[in-house]
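Participant: The chain contents come next:
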Amino acid sequence: MIANSFEYSSPATLAEALGLIADGAKPLSGGMSLIPMMKLRLASPEHLVDLARLPELNYIREEHGELHIGAAATHHDVENAPLTRGKCPLLAETAAHIGDIQVRNRGTIGGSVAHADPAADYPAALQALEAKIVLRSASGERTVSTADFFIDTFTTALEPGEIVVEVIVPVEPGLTGTSYQKCLQPASGFAIVGVAARVRRDGDNFGPVQIGITGLTGTSYRATAVENALTGKPATEETIRAAAAHAADGVDANSDLHASAEYRASLAVSYTARAIRSALSRSA
Amino acid sequence: MPVSSIVKLEKLVGKRLRRREDPRLITGTATYVEDVKLPNLHHAVIVRSPHGAANIRSIDISKAQALPGVLAVYIGKDIVGVGTVPCGADLPGLRRPAHHILAQDRVYLVGHPVAVVVATDRYIAADGADLVEVDYDVLQAVTDPEKALAPGAPSVHPEWPDNIAFTFHQNGGDIDAAFAEAEVVVKQRITSQRLVPNAMETRGVVADWKSNDRSLTLHTSTQIPHLARTLLAGMLGIEENRFRLIAPEVGGGFGSKLNVYAEEALMGWISMQLGLPVKWIESRRENFMVTIHGRGHVDYLEIAAKRDGTILGLKLKLIQDLGAYHQLLTPAIPTLSVLMMPGLYNFRNIQAEIIGTFTNCVPTDAYRGAGRPEATHGIERMVDILAAELNMDPAEIRFKNFVRPEQFPFPTATGLNYDSGDYANTFQKALDTIDYQGLRTQQAEARAAGRFMGIGISTYGEICAMGPSVATPAGGWESATVKFEPSGKVTVLTGTSPHGQGQETTFAQLTADELGVPIDDIVVLHGDTSIVQYGIGTFGSRNTAVGGAALFYALQDMKEKVKKFGAAMLKTDEVIFEDGHCLDPKTGASVTVQQIAGAAYRGIVIPKGMDPGLVVTKFWEPPNFTYPFGAHIIVSEVDPETGQIEIKRYVAVDDIGNQLNPLLVDGQLHGGAAQGLGQALWEQGVYDDNGQLVTGEFMDYTMPRARMMPWIESSHTCTPSPVNPLGVKGVGEAGTIGSTPAMVNSVVDALSPLGVRHIDMPMTPEKIWKIVNGSKA
Amino acid sequence: MNRTINVSVNGKRHTHEVEPRLLLIHYLREVIGLTGTHMGCETSLCGACTVEVDGKAVKSCTMFAVQADGTEVLTVEGLAAPDGKLHPIQEAFWNEHALQCGFCTPGMIMVSKQILERNPDPTDAEIREGLDGNLCRCTGYQHIVNAVRTAAKAGV
Amino acid sequence: MKIAGTAKLPFTPERAYALMQDPLILAKAIPGCDALDKTGDDEYRLKMKMVLASLSGSFEGKVRLTAPDPPNSFRMLVEGSGKIGFMKGEGLIKITAAPDAGVDITYEGDAQIGGTMAAVGNRMIDMTARMLIKRFFEKLASEPA
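The listed protein sequences correspond, in order, to chains A, B, C and D. Using this note's numbering, read the first sequence as starting at 102 and increasing by one per residue. Using this note's numbering, read the second sequence as starting at 2 and increasing by one per residue. Using this note's numbering, read the third sequence as starting at 59 and increasing by one per residue. Using this note's numbering, read the fourth sequence as starting at 278 and increasing by one per residue.
None of these hints come from the bench; they were simulated from the model. Possibly wrong hints are sitting among the right ones.
If you want the ones that stay clear, here's a sample from chain D, every Cβ over 10 Å from chain B, calculated [said to hold, decoys possible]:
id, residue
1, Lys-285
2, Gly-392
3, Arg-400
Now the in silico label distances, taken between C-beta atoms and shown as ranges [what the hints assert, rightly or not]:
id, chain 1, residue 1, chain 2, residue 2, range
4, B, Arg-452, A, Ala-343, 17 to 27 Å
5, D, Asp-387, A, Thr-325, 30 to 40 Å
6, B, Pro-159, C, His-74, 46 to 56 Å
7, D, Ala-375, B, Pro-159, 29 to 39 Å
8, C, His-74, A, Asp-124, 38 to 48 Å
9, B, Gly-276, C, Met-59, 32 to 42 Å
10, A, Asp-124, B, Asn-41, 53 to 63 Å
11, B, Pro-410, C, Asn-177, 24 to 34 Å
12, D, Asp-377, B, Lys-64, 32 to 42 Å
13, A, Asp-305, B, Thr-442, 51 to 61 Å
14, B, Val-185, D, Asp-387, 41 to 51 Å
Yeah, the Cβ is synthetic: ideal placement off N, Cα and C, and Gly gets one too.
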């Protein structure tokens with residue numbers, strides 16, 4: 102219930118923070134995942150660097166047809182900012198599913214993404230949005246795709262000394278319908294499965310579709326088999342059901358007290374169908 | 002004084018009065034144990050076993066001792082002269098493991114206390130606890146009671162290799178004749194899983210020993226301050242009259258604080274060793290691991306009946322998961338289940354066997370309902386199973402078997418004597434409220450459309466107002482003191498120990514009405530053994546039905562006393578007492594109770610045969626339990642694709658006799674229903690084979706949250722109890738007992754087209770999904 | 059290494075030197091002496107410890123005091139007016155019997171305040187959703203929902 | 278908790294078997310392993326540091342390799358305990374020549390976990406165990422043939 106001792110730094114600039122992190126300090130953002138672990142002494146970092154207070158990381162802005170979201174933007178910001186609500190509603194909708202009011206007030210998109218919890222909500226949306234994740238260390242900056250960023254359970258493309266500084270998502274074309282559908286684990290509120298769908302219509306058919314899935318396996322993924330089974334097909338319930346059936350294709354599903362692998366895979370199919378249906382109804 | 006000037010106060014009993022205890026609670030100024038601060042207060046953190054069963058090879062405390070700020074580190078062998086944790090239940094042949102306050106050479110469950118670190122600060126104490134090194138020789142554990150009974154199972158206590166703590170038999174009527182006469186017999190194995198009470202305030206203790214006075218003050222989060230004091234005084238070998246136990250604001254109990262715990266004695270002992278005040282606050286993780294759990298039944302049930310639905314008799318084999326030790330009432334809880342097995346039904350033949358089984362788990366004990374939810378779930382499930390077998394409507398079979406109003410007082414097959422009731426009337430009200438016939442029509446339509454809609458009925462009875470002293474381990478009476486202060490203000494001291502139930506309000510309502518004083522002039526005190534006369538405490542829905550009755554009788558005695566003083570002051574023989582006045586009917590002259598109080602303390606007018614002062618204390622022994630009952634009906638729908646259950650409607654009609662404050666009654670019922678639905682749908686204390694509590698934090702133990710709870714449509718019938726003068730029956734546990742089987746029966750009903758007869762709890766979506774899919778395959 | 063923090067709590071400025079690992083809740087309870095905020099779990103799932111930091115409801119058991127440096131904290135003790143007049147949400151909790159043991163209540167009240175600040179006229183479903191981070195074991199939530207609805211009508 | 282799965286290694290059965298009996302190789306392949314010292318015929322003392330997301334902890338324990346049936350199968354036990362809890366995994370590892378090339382590994386056994394780390398998220402245990410096993414075989418696969 103009480104953390105081990107540690108040193109705390111709250112640098113005024115990102116450069117200073119990156120310097121400390123290069124020396125081995127651990128970044129602290131909202132702390133929604135890290136602090137409970139520290140209290141149980143499952144995590145005992147020696148030095149924390151507070152990123153949440155850096156103005157350099159706290160913004161949501163539109164540039165060149167994309168939304169740039171600073172790592173320190175809270176889930177509440179992402180859920181409610183007019184820019185995200187208006188121009189990337191999938192991300193706003195997903196943020197609204199994270200934790201509870203208090204968690205959304207403190208938790209940040211950068212912290213969540215870097216933590217790479219296999220049951221986190223954002224990754225599903227980021228996969229579907231083909232978001233870009235900007236990483237920076239004391240020695241430079243690079244941008245990776247969502248698909249390349251999330252590698253495995255709690256494992257990302259972040260190198261030692263590197264942090265997430267920004268998430269870039271597209272400004273959604275007006276005709277796209279999007280939806281995030283989540284089956285939540287009732288005790289913790291984490292996703293048993295969460296499915297984000299982006300759907301465009303092509304006349305009476307499905308146009309390009311992106312589906313991102315979280316919770317089902319060790320990391321989030323794009324359900325390309327589902328996407329392929331939709332695009333170009335009639336936008337009907339029959340197509341949706343047939344396509345959603347591929348949601349867990351080739352995926353080694355997780356198993357825990359709350360959902361066996363078999364049940365989880367079945368939920369992935371159901372929630373994929375729901376997400377597609379809902380996104381379709383919102384598309385024009 | 003002319004009569005016309007007497008101000009009649011509004012009668013308060015029966016009013017929806019907001020609570021008088023709330024101002025301190027909504028402003029954050031109440032004092033819970035953790036809020037107690039004393040000069041030079043030190044803090045203790047306990048080192049606990051991570052293993053379900055292990056021998057302790059060695060413990061190295063040197064590093065912890067060396068940590069600056071650490072005052073002391075104690076292990077089991079340091080504890081000398083302290084008794085073992087008591088068990089108040091007595092059953093023939095009961096095996097009682099010695100339950101030391103710190104482990105000796107072996108640990109029996111995950112969380113077993115092994116060492117304790119005392120430091121100047123809780124952060125340092127936690128650091129010190131981390132430095133205690135314990136070398137364990139890990140042994141095979143057993144956590145499932147049926148596995149524990151199997152030949153060759155690991156022994157929880159080596160001295161009792163069969164893991165059986167006791168067997169208990171209770172028979173009534175002629176069970177063989179009933180089964181011989183039966184035209185149909187239905188059987189079912191029904192489990193009632195372990196539940197974690199999870200009061201929002203964990204336990205906590207502040208102990209303060211004053212060696213010069215040889216006196217101990219112990220602040221502890223308990224439901225039973227006086228009993229805890231008596232038992233802890235015995236454990237610590239100190240004098241009860243030099244031991245002040247205070248239950249400050251208590252943040253929920255639900256039975257989990259109806260106990261005496263190792264930590265209470267341990268903190269007392271440490272304070273005595275160090276001569277310093279010591280505080281220990283349980284973490285949530287500790288609360289999951291070492292505060293008692295509830296339920297833990299595996300029941301094998303059989304019902305014999307006639308083809309027309311008449312129930313003839315019931316057989317029960319009950320395997321109780323006791324855990325590794327007995328806490329205060331551990332072995333007694335399943336005996337309550339046996340008592341209530343007949344439910345509301347008119348059959349006289351019963352055969353019950355309990356096998357109390359040791360496991361490497363935390364002890365089970367009283368959790369809201371304590372034995373009755375298990376029994377009610379069993380009988381209400383069995384009645385539905387019988388109805389299904391006979392193709393009868395579950396409502397019809399209940400009407401057929403109810404005890405009828407003219408049969409009261411009704412002696413049951415298990416030796417109880419039901420006080421009063423009209424079961425059919427209450428049930429009919431519930432059916433009418435929810436439009437039962439209309440629902441069945443809707444259900445037929447839903448089924449035709451391939452939807453899984455269910456209607457679940459539970460007509461429950463329970464045993465409340467614990468209880469006659471012969472039937473309770475520590476005495477079942479309750480006490481009340483009523484004091485007029487010289488100013489005419491009234492202080493009430495109740496031996497109950499309310500912690501959310503609202504007796505500071507309801508007892509003041511009762512007192513105001515009886516004495517005719519403004520409610521603002523009344524204070525109700527409880528929970529401090531140095532202030533309040535001995536009392537039994539708060540559990541078993543007894544506060545109002547026993548404690549309130551004791552208060553009622555104290556108030557009658559007080560009125561008699563007031564009248565004598567009033568008559569003396571008015572210089573007359575006979576006065577009428579009403580509306581806070583004594584009135585001489587012959588002259589019309591009157592004096593107020595305030596004037597009388599002043600005079601009684603002033604001592605100028607002392608009626609013949611009376612003493613000065615106006616204080617009455619009453620200890621009241623209840624002649625019987627009370628037996629509330631009711632009908633809960635839940636409409637649900639199951640999504641076959643995901644197994645998720647949606648509660649569409651929840652109607653509850655409860656008969657708890659008279660009500661002092663219906664607003665508070667509603668609160669008790671809602672909260673009870675949440676816990677009952679929690680058992681039916683979400684909550685489960687799951688141990689793995691090695692003794693790890695898998696659902697050991699809120700991360701994995703699903704507590705009912707606001708978004709999961711349905712709207713509860715609550716109403717009442719009223720058959721006053723003849724057992725006590727208030728006609729009340731008790732409401733603390735009714736919601737918990739009534740709700741669970743209604744929920745399960747609803748889902749079983751929804752899935753009955755698939756041939757489903759029973760589902761064990763909790764009915765998780767995956768379980769439902771498997772049933773639906775299994776039936777497809 | 060200890061750090062000096064400046065925090066305004068219920069409008070009063072405080073300066074203290076604290077260990078970085080000191081949780082905000084312990085700072086409020088042990089250092090400032092405001093014990094109305096309660097700790098009900100260690101996994102950030104019960105919400106009993108909810109306070110406002112710069113106008114946002116947060117769980118003070120999942121925040122270090124050093125993270126609150128320079129902020130304005132509001133606890134349940136700071137809700138009523140200086141003359142003792144209760145905040146309308148406190149009043150509504152009282153009138154609707156939205157509490158029993160009272161342990162979760164400060165957190166419930168603080169989160170209810172945030173719910174209504176962001177959505178002055180919530181549906182029952184929105185209220186229940188808003189209470190998702192807070193556990194109550196006594197009330198079954200029905201009266202809490204009533205209280206938030208009542209407070210909304212009173213125009214919080 | 279049951280653990281079962283498959284992996285592929287680009288080796289002959291003999292080479293795959295030998296690699297998994299070699300303490301130096303095992304020390305490299307076991308995620309977070311700092312040291313593996315021989316303490317008996319088939320037993321090694323294990324020191325490892327597990328870092329997973331924010332969770333980190335040191336473990337001391339042992340590795341035992343039993344029931345040798347080269348190059349077809351053996352049993353492996355890994356157990357360790359530390360401040361944050363303890364873990365124990367025991368199972369049968371089977372090696373069969375794959376039809377195309379290399380070998381197919383199948384493993385089947387039981388894993389236990391206890392202490393604080395067992396209490397904070399049942400959801401993490403299965404996926405973490407599987408990820409650690411995956412890393413183990415990936416590391417093995419990177420050995421020269």
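Participant: Now tell me, hint by hint, if it's right for this structure.
Facilitator: Status of the hints after comparison with the structure:
With 10 Å as the threshold on Cβ separation, the claim that Lys-285/D sits away from chain B holds: the shortest Cβ distance comes to roughly 31 Å. The Cβ of Gly-392/D does not lie farther than 10 Å from every Cβ of chain B; its closest approach is about 4 Å, which violates its non-interface assignment. The beta carbon of Arg-400/D is not kept farther than 10 Å from every beta carbon of chain B, the shortest such distance being approximately 8 Å. For Arg-452/B and Ala-343/A, the hinted distance range of 17 to 27 Å is satisfied, since their beta carbons lie about 23 Å from each other.
A hinted range of 30 to 40 Å holds for the C-beta pair Asp-387/D and Thr-325/A, which are about 35 Å apart. Checked against the hint of 46 to 56 Å, the C-beta distance between Pro-159/B and His-74/C comes to roughly 54 Å, which is consistent with it. Checked against the hint of 29 to 39 Å, the C-beta distance between Ala-375/D and Pro-159/B comes to roughly 50 Å, which is inconsistent with it. At roughly 28 Å, the beta carbons of His-74/C and Asp-124/A sit outside the given window of 38 to 48 Å.
For the pair Gly-276/B and Met-59/C, the supplied restraint of 32 to 42 Å holds, since their beta-carbon distance comes to about 34 Å. For the pair Asp-124/A and Asn-41/B, the beta carbons lie near 42 Å from each other, so the given range of 53 to 63 Å is not met. The hinted range of 24 to 34 Å is not satisfied by Pro-410/B and Asn-177/C, whose Cβ atoms lie roughly 54 Å apart. Between Asp-377/D and Lys-64/B the CB atoms are about 56 Å apart, so this pair departs from the stated range of 32 to 42 Å.
Here the CB-CB span from Asp-305/A to Thr-442/B is close to 40 Å, at odds with the stated 51 to 61 Å. About 44 Å separates the C-beta atoms of Val-185/B and Asp-387/D, a value consistent with the hinted range of 41 to 51 Å.
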